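Just so you know, the protein sequences line up as chains G and E, in that order.
The opening residue of the first sequence carries number 1 in UniProt numbering; numbering runs sequentially from there.
The opening residue of the second sequence carries number 1 in UniProt numbering; numbering runs sequentially from there.
One should not assume that every hint holds.
Claimed, not checked - These stretches of chain G come out as covered by chain E in the derived footprint (C-beta under 8 Å, 3 or more residues):
| # | segment |
| --- | --- |
| 1 | 37 to 49 |
| 2 | 71 to 80 |
| 3 | 85 to 99 |
| 4 | 102 to 111 |
| 5 | 114 to 128 |
Hints were generated in silico from the structure; no laboratory data involved.
Since the model is a prediction, treat every value here as computed from it, not as a measurement.
Heads up, the beta-carbon is just placed ideally off N, CA and C, and yes, glycines get one too.
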Amino acid sequence: MARTRTPVVSGWFTENAPDGGGFRLLGTRCSACTAVFFPREDAYCRNPRCPGGGELAEVPLSPRGRVWSYTDGRYRPPAPYVSDPAEPWEPYTLLAVELEAEGMVVLGQAAPGTGVADLAVGTEVEVVGGVLNEDAETTWVTWQFKPVGGAA
Amino acid sequence: MSAEVAVLGAGMHPWGKWGRSFVEYGRTAARAALADAGLGWADVGSIVGADTVRSGYPGYVAGATFARALGWQGARVTSVYAACASGAQAIGAARAQILAGLADVVLVVGADAAPKGFFAPAGGERPDDPDWLRFRVLGATNPAYFALYARRRMAVHGDTLEDFAQVKVKNAAAGRLNPHARYRKAVTADEVAASAVVADPLRLLDICATSDGGAALVLTSMDFARSRGVADPVRIRAVSTVTPTYPRTVLDLPDIATDSTTAADAAAGSFRSSIARAAYEEAGLGPQDLSLAEVYDLSTALELEWYEDIGLCAEGEGAKLVREGATALGGRIPVNTSGGLASFGEAVPAQAIAQVCELTWQLRGTAGERQVPGARAGITANQGLFGHGSAVVAVR
Ligand SMILES: [Zn+2]
Chain G
1 MARTRTPVVS GWFTENAPDG GGFRLLGTRC SACTAVFFPR EDAYCRNPRC PGGGELAEVP
61 LSPRGRVWSY TDGRYRPPAP YVSDPAEPWE PYTLLAVELE AEGMVVLGQA APGTGVADLA
121 VGTEVEVVGG VLNEDAETTW VTWQFKPVGG AA
Chain E
1 MSAEVAVLGA GMHPWGKWGR SFVEYGRTAA RAALADAGLG WADVGSIVGA DTVRSGYPGY
61 VAGATFARAL GWQGARVTSV YAACASGAQA IGAARAQILA GLADVVLVVG ADAAPKGFFA
121 PAGGERPDDP DWLRFRVLGA TNPAYFALYA RRRMAVHGDT LEDFAQVKVK NAAAGRLNPH
181 ARYRKAVTAD EVAASAVVAD PLRLLDICAT SDGGAALVLT SMDFARSRGV ADPVRIRAVS
241 TVTPTYPRTV LDLPDIATDS TTAADAAAGS FRSSIARAAY EEAGLGPQDL SLAEVYDLST
301 ALELEWYEDI GLCAEGEGAK LVREGATALG GRIPVNTSGG LASFGEAVPA QAIAQVCELT
361 WQLRGTAGER QVPGARAGIT ANQGLFGHGS AVVAVR
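From just these sequences and the hints, can you work out the full model?
Structure (structure tokens):
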């Protein structure tokens, strides 16, 4: 009866990180050159100056970052984005978040209730689990960002 | 020995929503370019088609598709797919064949019949395709990325919505004078501000539409041009088709994240600036030598970024240029004299070729009311999905 909770993409995040639990994005890190990849790169290191011979090991990414930029989607995106055409379109908020330790920017939707008016470039946000969409059998789980300690 | 090739012919099918096949648009543009060059299809030794992979039709084999539509005549054929840079890579392939002595006359053709609304990835369940993933996981449309760049400019450089609107006002004023443009109406800043928000802070009139259209060029060796009595043709002096360098630190379509800088520092300058730099180096000239430029104004805000990336001004000063009127017709360095994508809309494999058509007409002095007086050199610049960069320098 209950829907199965399934990650929208497998291996990109965990709901129970080993270093103390909680929701974390998962990337991979090359042991030969320290390059970090998200979405995870499991086949080969993409750093052209990598000495080679390393392993790509799974690593949880920083749980917090700062907003690099943000926007929203006022019109329904096309498939394969899943939305119910019978329902009025509810805009989502999209954040590009800078992770300092990894030196990278990661895109993600905002947690429900966070709109563009709640954000500014530089706002500190944390990554949390959320629901992308549901169908008859499945609750599709994804990552979302929400302001740290904010009302949103 | 000269590394230049001559542009003997340029032609287009008007942009718009015509409801016909891309083959027809390409054939019309090709016929127009051949007529402009004073050559027949039988004179063409090689045809290069700029491809698209949307919409199911074998745009995959655009070179041969156009050759078939013009009538099989045994020409060498090449098909090129590089997303928005397809047209420039087609020009690059044609130039290489001419410089290698493989052909004297090469016809370059790009055409598209684009679907209405947001561009979407090909169908099916394809989680190993980054373009499919960004829609499935994030719903991140192209305008969403343009809006992220625009908001970032507002925060870092102090650009305003009014600055963005001025780009549309400027490009619409130029497009009004271009018979090939889809939109030929003046637009006011108030109209931009009153248009619906698509992806905050960008409005409908800040973002280019999708369109049908076609463009073609006839390129020849310099010797061939002279043999036909064209002593001083428009010449292509550089074609840049560079990839980014690792780590790429600016989020680009269709990526979900940038490269990390844990293993290597980012190179100075942006990927887009490296595209122009490679073209300038190959051409042996710089931004100070330009009479005009055609850049990919997928959004108004993005055009301002291109000003900086092609070296018309320092980083962060793009808005100042448009405020001063420097990039308008009659300004110090007009940009998008054709009207740009703002006036044409996107017909992906045709657009980079259309940019060179505009340079050709400007450098010949035949651009009519939108003519830049005494134009001697121009650059085109654009960027295609998945790390395809392109820029073309043409001179007279
Ligand atoms: Zn490595």
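Outcome of the hint check:
Coverage of the segment 37 to 49 of chain G by chain E holds [criterion: at least 3 residues with CB-CB distance below 8 Å; count 7]. Proximity of the segment 71 to 80 of chain G to chain E, defined as three or more residues with a beta carbon under 8 Å from a beta carbon of that chain, is established by the 9 residues found. Counting residues of the segment 85 to 99 of chain G whose CB lies closer than 8 Å to any CB of chain E gives 3, so the stated coverage by that chain holds, three being the minimum. Coverage of the segment 102 to 111 of chain G by chain E holds. Counting CB-CB distances below 8 Å, 8 residues qualify, and the rule asks for three or more.
Coverage of a stretch by a chain is defined here by at least three residues with a beta carbon nearer than 8 Å to that chain's beta carbons; for the segment 114 to 128 of chain G and chain E the count is 4, and the condition holds.
Going down the numbered hints, you'll see the structure goes against none, and every one checks out.
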